[in-house]
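Student: Chains A and B, in that order, give the protein sequences. Residue 225 in the numbering used here sits at position 225 of the first sequence; the count goes up by one each step and never skips. Residue 1011 in the numbering used here sits at position 11 of the second sequence; the count goes up by one each step and never skips.
Derived from the structure by calculation, the hints contain no laboratory data. Every value quoted in this text rests on a predicted model; they were computed, and no experiment measured them. One or more of the hints may lead you astray.
Stated by the list, open to error - Now the stretches of chain B that chain A is said to cover, found in silico as 3 or more residues with beta-carbon under 8 Å:
{"#": "1", "region": "1003 to 1009"}
{"#": "2", "region": "1013 to 1025"}
{"#": "3", "region": "1032 to 1041"}
Positions of the beta carbon are idealized from the N, C-alpha and C atoms, including for glycine.
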Amino acid sequence: MKFTRSRIFHFVVGIALAVVTFISFSTPMAGSFEDVVNFKMNSGLSKVPVKCTVVRPSFDSIGKKFFGSRDFTGRVMPVSIAGVLPSGEGSTFVADISYDAGHAEYHLEKVVRLDPGMTFPLIPGLGELGRNMLFHVPMSMVAFLAFLMGTINSILYLAKKKSTPEQKMLLDQKARAASAVGLLFTLLSTVTGSIWAKFSWGTFWNWDPREVDIFILLLIYAAYFILRSLLEESEEKKARIAAVYNIIAFASVPLLMFVLPRIAQSLHPGGGGAEAPVINANGKTHTDPTLLGMLWTNVFVFVLLYFWLADLTRRVLGLAEHEEEDI
Amino acid sequence: MEFLESNPLYVVGIIASVIWLGLFTFLLGLDRRVRKLEARK
């Protein structure tokens, strides 16, 4: 087997996908000491995982053992412990911490993971469901990129009047391939969002502005392929009509994906002018740096996957068209 | 459903599986198209 550039690329994308999926699941979730108190007050949750750093074990006047644990903010909090600490001073671990409001004391309930490295932030109201962000959000982002690439190729198709028929055919195939992969990612974004909605908001479909907008987008791009298959013109004319439709279709994408969901009241974060937790209108982030790093890594890997899928689809379309010409 | 509500990590697992399944179905569609073209030749 020859190690061609494309084979190495496919190998890297495959490994990267497996690695980011593994990291997305295996990174332990941890909140802060404030979360322990807030969750107890607001949702009655008795214990919350917290990333702890052992600072200095000590005993109080009646011999109760405490260890100091550093918070995300750097403050040292005293935590009572019944048994022996799992590791020495300076070491980190994730432990379920409870809060005794009567004595204003934190207790270590159970050690979840020793030396956890990075931790996934505890998002109020989402908990473990917050990890869906690492899969659902990249789907929408890649869908946007795919539609953008499709439109760029459609514009080039119409603009390059002096190109050879082969060059124009290639641009048309690239536009079709990008739109097909975009449609796939939009569909995956809708389905994954719908499953997430069931467990966060109670039903699979809530007629939320973002849900409706993505569904309209799905219909617009499904119509692109239906229109193309129904045309009984020459290949060249079909490609020209499809390119014009693709450009008009993309005009709705920023409106449906970015503008309308931010204007209308929405169950999604950032709706109705509220500040989005990931990136707000001013381009500033309020997100935990670890979550942001994981999110962008996943987006990057799915973008690589997009280029792989789009190239594969384009090559299949090219083969099919050559075959039809031969017949 | 109750099991999934109390074990939300499985919901994330389902979502990741849906994505993988969608991608593989798409690839399977492409593979079928290539096979058809090969059969015609």
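Student: Give a verdict on every hint.
Tutor: Results of checking the hints against the structure:
Counting residues of the region 1003 to 1009 of chain B whose C-beta sits closer than 8 Å to any C-beta of chain A gives 4, which meets the bar of three, so the coverage hint holds. By the rule of at least three residues with a Cβ nearer than 8 Å to a Cβ of chain A, the coverage given for the region 1013 to 1025 of chain B holds, with 8 such residues. A count of 5 residues in the region 1032 to 1041 of chain B with a Cβ less than 8 Å from any Cβ of chain A is obtained; the coverage claim is therefore met, three being the minimum.
No hint from the list above goes unmet by this structure.
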